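Participant: Sequences listed follow chains A and B, in order. Quick note on this note's numbering: the first sequence kicks off at 493 and runs consecutively. Quick note on this note's numbering: the second sequence kicks off at 31 and runs consecutively.
A few of these clues could be false.
[What the hints assert, rightly or not] Straight-line Cα separation of at most 20 Å, SDA-like style, residue types lysine to any residue; simulated pairs:
{"hint": "1", "chain 1": "A", "residue 1": "Lys530", "chain 2": "B", "residue 2": "Gly70"}
{"hint": "2", "chain 1": "A", "residue 1": "Lys495", "chain 2": "A", "residue 2": "Thr572"}
{"hint": "3", "chain 1": "A", "residue 1": "Lys595", "chain 2": "B", "residue 2": "Phe40"}
{"hint": "4", "chain 1": "A", "residue 1": "Lys530", "chain 2": "B", "residue 2": "Ser105"}
{"hint": "5", "chain 1": "A", "residue 1": "Lys495", "chain 2": "B", "residue 2": "Glu89"}
{"hint": "6", "chain 1": "A", "residue 1": "Lys495", "chain 2": "B", "residue 2": "Gly88"}
{"hint": "7", "chain 1": "A", "residue 1": "Lys595", "chain 2": "B", "residue 2": "Ser141"}
{"hint": "8", "chain 1": "A", "residue 1": "Lys595", "chain 2": "B", "residue 2": "Asp68"}
{"hint": "9", "chain 1": "A", "residue 1": "Lys495", "chain 2": "B", "residue 2": "Thr116"}
{"hint": "10", "chain 1": "A", "residue 1": "Lys595", "chain 2": "B", "residue 2": "Ser114"}
{"hint": "11", "chain 1": "A", "residue 1": "Lys530", "chain 2": "B", "residue 2": "Thr35"}
{"hint": "12", "chain 1": "A", "residue 1": "Lys530", "chain 2": "B", "residue 2": "Asp136"}
{"hint": "13", "chain 1": "A", "residue 1": "Lys530", "chain 2": "B", "residue 2": "Asp68"}
[Claimed, not checked] Calculated from the model, a selection of chain B residues having no Cβ within reach of chain A, i.e. all distances over 12 Å:
{"hint": "14", "residue": "Thr37"}
{"hint": "15", "residue": "Gln41"}
{"hint": "16", "residue": "Lys44"}
{"hint": "17", "residue": "Gln47"}
{"hint": "18", "residue": "Gln67"}
{"hint": "19", "residue": "Gly70"}
{"hint": "20", "residue": "Gly88"}
{"hint": "21", "residue": "Asn92"}
{"hint": "22", "residue": "Gly93"}
{"hint": "23", "residue": "Leu99"}
{"hint": "24", "residue": "Lys101"}
{"hint": "25", "residue": "Arg102"}
{"hint": "26", "residue": "Ser105"}
{"hint": "27", "residue": "Glu109"}
{"hint": "28", "residue": "Ser110"}
{"hint": "29", "residue": "Val118"}
[As the list claims (entries may be wrong)] To spell it out: a stretch of chain A is covered by chain B in this simulated footprint if at least three of its residues, at any positions, have a beta carbon under 8 Å from a beta carbon of chain B; those stretches are:
{"hint": "30", "region": "558-564"}
{"hint": "31", "region": "595-608"}
Rather than coming from a laboratory, the hints here were simulated on the basis of the structure. Owing to the predicted nature of the structure, the values given are computational and were not obtained by experimental measurement. No residue lacks a Cβ here, since even glycine has one placed at the ideal position from N, Cα and C.
Letter by letter, the chains look like this.
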Amino acid sequence: AQKVTQAQTEISVVEKEDVTLDCVYETRDTTYYLFWYKQPPSGELVFLIRRNSFDEQNEISGRYSWNFQKSTSSFNFTITASQVVDSAVYFCALSEARGATNKLIFGTGTLLAVQP
Amino acid sequence: NAGVTQTPKFQVLKTGQSMTLQCAQDMNHNSMYWYRQDPGMGLRLIYYSASEGTTDKGEVPNGYNVSRLNKREFSLRLESAAPSQTSVYFCASRDRRDNQPQHFGDGTRLSIL
Numbered sequence: 493a494q495k496v497t498q499a500q501t502e503i504s505v506v507e508k509e510d511v512t513l514d515c516v517y518e519t520r521d522t523t524y525y526l527f528w529y530k531q532p533p534s535g536e537l538v539f540l541i542r543r544n545s546f547d548e549q550n551e552i553s554g555r556y557s558w559n560f561q562k563s564t565s566s567f568n569f570t571i572t573a574s575q576v577v578d579s580a581v582y583f584c585a586l587s588e589a590r591g592a593t594n595k596l597i598f599g600t601g602t603l604l605a606v607q608p
Numbered sequence: 031n032a033g034v035t036q037t038p039k040f041q042v043l044k045t046g047q048s049m050t051l052q053c054a055q056d057m058n059h060n061s062m063y064w065y066r067q068d069p070g071m072g073l074r075l076i077y078y079s080a081s082e083g084t085t086d087k088g089e090v091p092n093g094y095n096v097s098r099l100n101k102r103e104f105s106l107r108l109e110s111a112a113p114s115q116t117s118v119y120f121c122a123s124r125d126r127r128d129n130q131p132q133h134f135g136d137g138t139r140l141s142i143l
C-alpha cells in the first residue's frame, strides 16, 4: 500500500532561519511521482514541485530546495532564509504512474509558522 | 485564468439535508477529483473521474455520489448529510499526459449541524 508520512506536525522558526520539512513515503511501485503542495492561511492548495522516481537530482528554486533520496524513501523540502510569507501548511504527496488515475496520496501536512 | 472553480465556498446544512457541490475547470483536463480535508488527516480522495463518462471510488466514498456531467464539470452530492461529513472539500483536475500535477480549486467549507 502507498503511504506518505510527515512526522513533523508543526514547526516554528524565526524569520531568516533555514527549515527542513521531512517527507517519507512507502510504495511498491518502481515508477512513481512525488509532489509538494503549499496551503497558505487563505486555504488554497498551491503546487510547488513534482519529481519522478527516476530523477534523484536535487532541485533548487530560489529559496526552496528539495532533496530526493530513494535509498531512504525520503523527499525533504528545505526553505532557506525563511520569511513570514512562508507560513503555511505544506503537504507531501505520492502518486502511482500506472494508468490514467494518478490518485494522490497525501501526508498529514506540516504547519510551518515563521515568526517575524 | 479561472482554473478550477468550486461553488459554493461555504455552506451550512442540517443533518439529513442533501447538497450538491459544483466543480468546473477550464483547462481542458481529462481527469478530475474530489477530496476532503479534515484536521490532522491531510486530504483524502472521495471519488475521481479519469475521463469524461467514467467515475471511480477513492479512499472514502461512503455517503457521496458524483456525476461527471461533461469534460468541464464534476459534481459531488451528499444525499443525506451527516455531521461526520463536516469538512473542507477540494476539487482538482489534471492533464493526463505524463503525470502532470493536479490543480486545485479554492475549496468548499461545509458544516453539518
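Participant: Would you mind marking each hint as holding or not holding in the structure?
Facilitator: Consistency of the hints with the structure:
1. For the given pair, Lys530 of chain A sits about 15 Å from Gly70 of chain B by alpha-carbon distance, which is consistent with the 20 Å threshold.
2. Simply put, Lys495 of chain A and Thr572 of chain A have alpha-carbon atoms about 27 Å apart, too far for the 20 Å limit, and the pair is violated.
3. Restraint check for Lys595 of chain A and Phe40 of chain B: the C-alpha separation of about 26 Å exceeds 20 Å, so the hint is violated.
4. The suggested pairing of Lys530 of chain A with Ser105 of chain B is violated, with an alpha-carbon distance near 25 Å, which exceeds 20 Å.
5. Between Lys495 of chain A and Glu89 of chain B, the direct Cα distance comes to roughly 12 Å. Compliance with the 20 Å bound is thereby established for this hinted pair.
6. This hinted pair checks out: Lys495 of chain A and Gly88 of chain B have alpha carbons roughly 15 Å apart, not beyond 20 Å.
7. The hinted pair formed by Lys595 of chain A and Ser141 of chain B fails the criterion: a straight-line CA distance of about 26 Å is larger than 20 Å.
8. For the hint pairing Lys595 of chain A with Asp68 of chain B, the CA-to-CA distance comes to about 18 Å; that is within 20 Å, so the pair holds.
9. As the CA atoms of Lys495 of chain A and Thr116 of chain B are separated by approximately 24 Å, the hinted pair breaks the 20 Å bound.
10. Restraint check for Lys595 of chain A and Ser114 of chain B: the C-alpha separation of about 23 Å exceeds 20 Å, so the hint is violated.
11. For the given pair, Lys530 of chain A sits about 18 Å from Thr35 of chain B by alpha-carbon distance, which is consistent with the 20 Å threshold.
12. This hinted pair checks out: Lys530 of chain A and Asp136 of chain B have alpha carbons roughly 13 Å apart, not beyond 20 Å.
13. Of the supplied pair hints, the one linking Lys530 of chain A and Asp68 of chain B holds, its CA atoms being roughly 16 Å apart against a limit of 20 Å.
14. For Thr37 of chain B, the requirement that its beta carbon stay farther than 12 Å from each beta carbon of chain A is met, with the minimum near 15 Å.
15. Non-interface call for Gln41 of chain B relative to chain A: holds, since the shortest CB-CB distance, roughly 15 Å, exceeds 12 Å.
16. At roughly 24 Å, the least C-beta separation between Lys44 of chain B and chain A is larger than 12 Å, which holds for a residue marked as non-interface.
17. Every CB of chain A lies more than 12 Å from the CB of Gln47 of chain B, the least distance being 24 Å, so the non-interface label holds.
18. The claim that Gln67 of chain B lies off the interface is violated: its Cβ sits roughly 9 Å from the closest Cβ of chain A, which falls inside the 12 Å cut-off.
19. With a least beta-carbon separation of about 6 Å from chain A, Gly70 of chain B fails to lie farther than 12 Å from that chain, contradicting its non-interface assignment.
20. Its closest Cβ contact with chain A, about 7 Å, brings Gly88 of chain B to no more than 12 Å, contrary to its assignment away from the interface.
21. Every CB of chain A is more than 12 Å from the CB of Asn92 of chain B (nearest about 17 Å), matching its label as outside the interface.
22. With a closest Cβ-Cβ approach of about 19 Å to chain A, Gly93 of chain B is found to remain outside the 12 Å limit, as its non-interface label requires.
23. The Cβ of Leu99 of chain B lies farther than 12 Å from every Cβ of chain A, with a closest approach of about 19 Å, so its non-interface assignment holds.
24. Non-interface status of Lys101 of chain B relative to chain A is upheld: no Cβ of that chain comes within 12 Å, the nearest being about 14 Å off.
25. Look at Arg102 of chain B: its CB is around 18 Å from the nearest CB on chain A, clear of 12 Å, so calling it non-interface holds up.
26. Against the 12 Å criterion, Ser105 of chain B stays outside the reach of chain A, whose nearest CB is about 19 Å from its own CB.
27. Its beta-carbon lying about 24 Å from the closest one in chain A, Glu109 of chain B satisfies the requirement of being farther than 12 Å from that chain.
28. Its beta-carbon lying about 26 Å from the closest one in chain A, Ser110 of chain B satisfies the requirement of being farther than 12 Å from that chain.
29. Remark: the non-interface label on Val118 of chain B conflicts with the geometry, its nearest Cβ contact in chain A lying 7 Å away (cut-off 12 Å).
30. Three residues within the 8 Å Cβ limit are the bar, and the region 558-564 of chain A against chain B gives 0, so the coverage statement is violated.
31. Using a Cβ-Cβ cut-off of 8 Å, 6 residues of the region 595-608 of chain A lie near chain B, which meets the minimum of three, so the contact claim holds.
Of the numbered hints stated above, those contradicted by the structure are hints 2, 3, 4, 7, 9, 10, 18, 19, 20, 29, 30, listed in ascending order.
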